[in-house]
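Visitor: Given the coordinates of chain A, assemble chain B onto it according to the supplied hints.
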Amino acid sequence: MNRLSKAFKNAAEKKEKALVGFVTAGDPTLDESKKIIKKMCESGVDILELGVPFSDPTADGPVIQRSSERALKNKITLETVLKITAELRQDIEVPIILFSYYNPIFAFGPQKFYEKARAAGADGVLVVDLPPEESDELTGGWNDGDFSLIRLVAPTTPSERIAKIAASASGFLYLVSMTGVTGSGGLNTSLIADLVREVRIYSDLPLCVGFGISTVDDVANVAQVADGVVIGSAFERLIEENIDKPDLAERLAERTEEYKEATKI
Amino acid sequence: MLSENSENQAGIKEYPDANGHFERYGGRYIAEILMPAVLELDEQRQKIMPDPDFNKELIDLLEKYVGRPTPLYFAKRLTEHLQGAKIYLKREDLAHTGAHKINNTIGQALLAHRMGKTRVIAETGAGQHGVATATAAALLGMKCRIFMGVEDIERQAPNVKRMELLGAGITPVDSGSGTLKDAMNEAMRHWVATVSDTFYIIGSVAGPHPYPVMVRDFQKIIGVETKKQILKAAGRLPDILIACVGGGSNAMGLFYPFLDDSTTLIGVEAGGKGLDTDEHAATLTCGSPGVLHGSKSYVLQDEHGQIAPVHSISAGLDYPGVGPEHSLLKDIKRVIYTTADDCEALAAFKMLCLHEGIIPALESSHALAYAIKEAPKRAKDEIMIVNLSGRGDKDLDMVVLALEKEK
Numbered sequence: 001m002n003r004l005s006k007a008f009k010n011a012a013e014k015k016e017k018a019l020v021g022f023v024t025a026g027d028p029t030l031d032e033s034k035k036i037i038k039k040m041c042e043s044g045v046d047i048l049e050l051g052v053p054f055s056d057p058t059a060d061g062p063v064i065q066r067s068s069e070r071a072l073k074n075k076i077t078l079e080t081v082l083k084i085t086a087e088l089r090q091d092i093e094v095p096i097i098l099f100s101y102y103n104p105i106f107a108f109g110p111q112k113f114y115e116k117a118r119a120a121g122a123d124g125v126l127v128v129d130l131p132p133e134e135s136d137e138l139t140g141g142w143n144d145g146d147f148s149l150i151r152l153v154a155p156t157t158p159s160e161r162i163a164k165i166a167a168s169a170s171g172f173l174y175l176v177s178m179t180g181v182t183g184s185g186g187l188n189t190s191l192i193a194d195l196v197r198e199v200r201i202y203s204d205l206p207l208c209v210g211f212g213i214s215t216v217d218d219v220a221n222v223a224q225v226a227d228g229v230v231i232g233s234a235f236e237r238l239i240e241e242n243i244d245k246p247d248l249a250e251r252l253a254e255r256t257e258e259y260k261e262a263t264k265i
Numbered sequence: 266m267l268s269e270n271s272e273n274q275a276g277i278k279e280y281p282d283a284n285g286h287f288e289r290y291g292g293r294y295i296a297e298i299l300m301p302a303v304l305e306l307d308e309q310r311q312k313i314m315p316d317p318d319f320n321k322e323l324i325d326l327l328e329k330y331v332g333r334p335t336p337l338y339f340a341k342r343l344t345e346h347l348q349g350a351k352i353y354l355k356r357e358d359l360a361h362t363g364a365h366k367i368n369n370t371i372g373q374a375l376l377a378h379r380m381g382k383t384r385v386i387a388e389t390g391a392g393q394h395g396v397a398t399a400t401a402a403a404l405l406g407m408k409c410r411i412f413m414g415v416e417d418i419e420r421q422a423p424n425v426k427r428m429e430l431l432g433a434g435i436t437p438v439d440s441g442s443g444t445l446k447d448a449m450n451e452a453m454r455h456w457v458a459t460v461s462d463t464f465y466i467i468g469s470v471a472g473p474h475p476y477p478v479m480v481r482d483f484q485k486i487i488g489v490e491t492k493k494q495i496l497k498a499a500g501r502l503p504d505i506l507i508a509c510v511g512g513g514s515n516a517m518g519l520f521y522p523f524l525d526d527s528t529t530l531i532g533v534e535a536g537g538k539g540l541d542t543d544e545h546a547a548t549l550t551c552g553s554p555g556v557l558h559g560s561k562s563y564v565l566q567d568e569h570g571q572i573a574p575v576h577s578i579s580a581g582l583d584y585p586g587v588g589p590e591h592s593l594l595k596d597i598k599r600v601i602y603t604t605a606d607d608c609e610a611l612a613a614f615k616m617l618c619l620h621e622g623i624i625p626a627l628e629s630s631h632a633l634a635y636a637i638k639e640a641p642k643r644a645k646d647e648i649m650i651v652n653l654s655g656r657g658d659k660d661l662d663m664v665v666l667a668l669e670k671e672k
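Residue numbers (the numbering used here), protein chains in the order written: chain A, 1 to 265; chain B, 266 to 672.
Here chain A stands alone, though its shape is the one from the complex (with noise of 0.2 Å):
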């Protein structure tokens, strides 16, 4: 069984959702960064969505563009993520997503990129802006059943798309939570419900919802109905409200383990 299935048997066994956490890789420094990211994978972490930084990330909100161009002052490359991945690797058996806008990858060469990658452990990607009918001169060449490329669904998915999304997905379903960019406010949980369940008439993949979801009374809603609630702006609101205090990545850890206790069913 591969580290993302283990994931979300793990979770479901200790009768609890999957905690997705995202953050930019090398925001606010590299050794902070490091640092942050193994706290919230000891303090409750299930899988680790590790955000590549980009110029222009038109799906995000202020929260996420900001530590991006924070990762990208500290001249953090598509390179050194896979670097911090591999590093990641040798101590942390929790999954790690990485989490791209197209360019970077592209950039560095698409089969190239699925190589190292899982050279250096990754468990699969996300790119925010590949949909299906673009995917595959990135998936041409996979070979490897165990690194998935993380499919996304959003409200404004109609069913029969729904259903050719999820025929090609592996690892897991991304639910949008709602139409609009990441970190926005305004989450409506029965929406999400009725998502959720259209989208389980396709799929038997574990599903995990993001956008939005910021708060612990967020999250208990959310694993409610999910298999995983991923967690992104509000970690990097954090980080950024905290950014010179000497005890960053204790804050995140504490704030990990809270959303980890709400995704107790």
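Hint data in this document are derived by calculation from the structure and do not stem from the laboratory.
Predicted, not measured: the structure shown is a model, and the values here were computed from it.
Here a beta-carbon is modelled for each residue, glycine too, at the ideal position from N, C-alpha and C.
Please note that the accuracy of each hint is not assured.
Said to hold, decoys possible - In the DSS-like style, the derived pairs of lysine-lysine whose C-alpha atoms are separated by at most 27 Å in a straight line are:
1) K264(A) x K6(A)
2) K73(A) x K312(B)
3) K164(A) x K312(B)
Said to hold, decoys possible - Calculated from the model, a selection of chain A residues having no Cβ within reach of chain B, i.e. all distances over 10 Å:
4) K14
5) K34
6) D60
7) K83
8) P104
9) E115
10) G121
11) P158
12) R161
13) A193
14) V216
15) E241
Guide: Using the frame of chain A, we list chain B on its own:
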């Protein structure tokens, strides 16, 4: 036999394919949230655009409201001054709102209206596309919001006031360099949140499929008219067509009907402060293939795929991307892409004012700059057509400032 023959003839005018690919360029590189909207748009435009009623309404507005056909004007004094090829100007500056942008916004707004959308949004650099969108929205009674970088708001102030007068809300964008690219980022973010009732009117032949082909189809009227007009005026096709290229809509509009002809096609990009500096916007000349704003095309970027900061004196060309069809036309060498820098554009701006009594947009001044360099090298019976894509009233502050600096 016949069908086989016509298949063989299928040439460069047949792009893109059904998925919006111009060979390796184009496509739809966008978030899943937007995919259904973009697919619906593609389906609807294929249904609505060939509809005779839609066309009648569009042509009627283009004639009576926009003032088409715009004249093809023989620039006699400029030609005499340069002592070379005959220079004609396609006067898109005389279209309502002062630039070619209106051809596309009227088309897209009509389409949006037919699709039942009540609200349009747009990005703008020079403000011409913003003004043209606000105008079309006012004409059709739709709500309108324009995204504009803070630097552009400053350097194209008159257009900001025009948009406001036309009833549009303006969202200043201060992320990144506060220019066209950032305005487009923000418009896409806003669209993601409002996609159910909002139609995004993209102003160039860029963005995800079907925008590049749709915008080209609304803009190709420039080239269709030009062809008729030059045949009437000179009895033959021109030797050379010149247009400026930022995203590339005025160039695509002019070039497209000539792609199968032997006319030389020249796209002029913004050389900014020089190609040996980092401060230019010469995407096709200096860039490499990448993915930006929903399509694959040439992009100015670093080796890690991060989009590069760019510069041009002209806000409308200050963009690190370019439409995907231009990328294909560059690769197959059907169009020659070159550059004019800030100084050359300014000099061309001044020359047209003094020799023809026409104040051109700084964007169009880049195309003029090439014509001014090239015309004297050409025989006097050669015909050169420059797309005068817009008028320069919006640029007066910028130009006065730049000319003062020159002193």
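Visitor: Against each hint, give a clear statement of whether it holds in the structure.
Guide: So, going through the hints one by one against the coordinates:
1. Using a Cα cut-off of 27 Å, the hinted pair K264(A) and K6(A) holds, with the two alpha carbons roughly 17 Å apart.
2. This hinted pair does not check out: K73(A) and K312(B) have alpha carbons roughly 47 Å apart, beyond 27 Å.
3. Note on K164(A) and K312(B): the hinted pairing holds, with a Cα-Cα distance of about 24 Å set against a maximum of 27 Å.
4. Distance check for K14(A) against chain B: the nearest CB is about 31 Å away, which clears 10 Å, and the non-interface claim stands.
5. Annotated as non-interface, K34(A) keeps its C-beta farther than 10 Å from every C-beta of chain B; the closest such distance is 20 Å.
6. A beta-carbon of chain B comes within 10 Å of the beta-carbon of D60(A); the shortest separation is about 8 Å.
7. Once the 10 Å rule is applied to beta carbons, K83(A) is consistent with being away from chain B; the minimum gap is 13 Å.
8. The beta carbon of P104(A) is not kept farther than 10 Å from every beta carbon of chain B, the shortest such distance being approximately 4 Å.
9. Consistency note on E115(A): stated as away from chain B, and its beta-carbon is indeed over 10 Å from all of that chain's, at 17 Å minimum.
10. Non-interface call for G121(A) relative to chain B: holds, since the shortest CB-CB distance, roughly 21 Å, exceeds 10 Å.
11. Here P158(A) does not stay apart from chain B, with its beta-carbon only about 6 Å from theirs, under the 10 Å limit.
12. A beta-carbon of chain B comes within 10 Å of the beta-carbon of R161(A); the shortest separation is about 7 Å.
13. Every CB of chain B is more than 10 Å from the CB of A193(A) (nearest about 19 Å), matching its label as outside the interface.
14. At roughly 25 Å, the least C-beta separation between V216(A) and chain B is larger than 10 Å, which holds for a residue marked as non-interface.
15. Listed as a non-interface residue, E241(A) keeps its Cβ farther than 10 Å from every Cβ of chain B; the least gap is roughly 20 Å.
Consistency with the previously given hints fails for numbers 2, 6, 8, 11, 12, ordered from lowest to highest.
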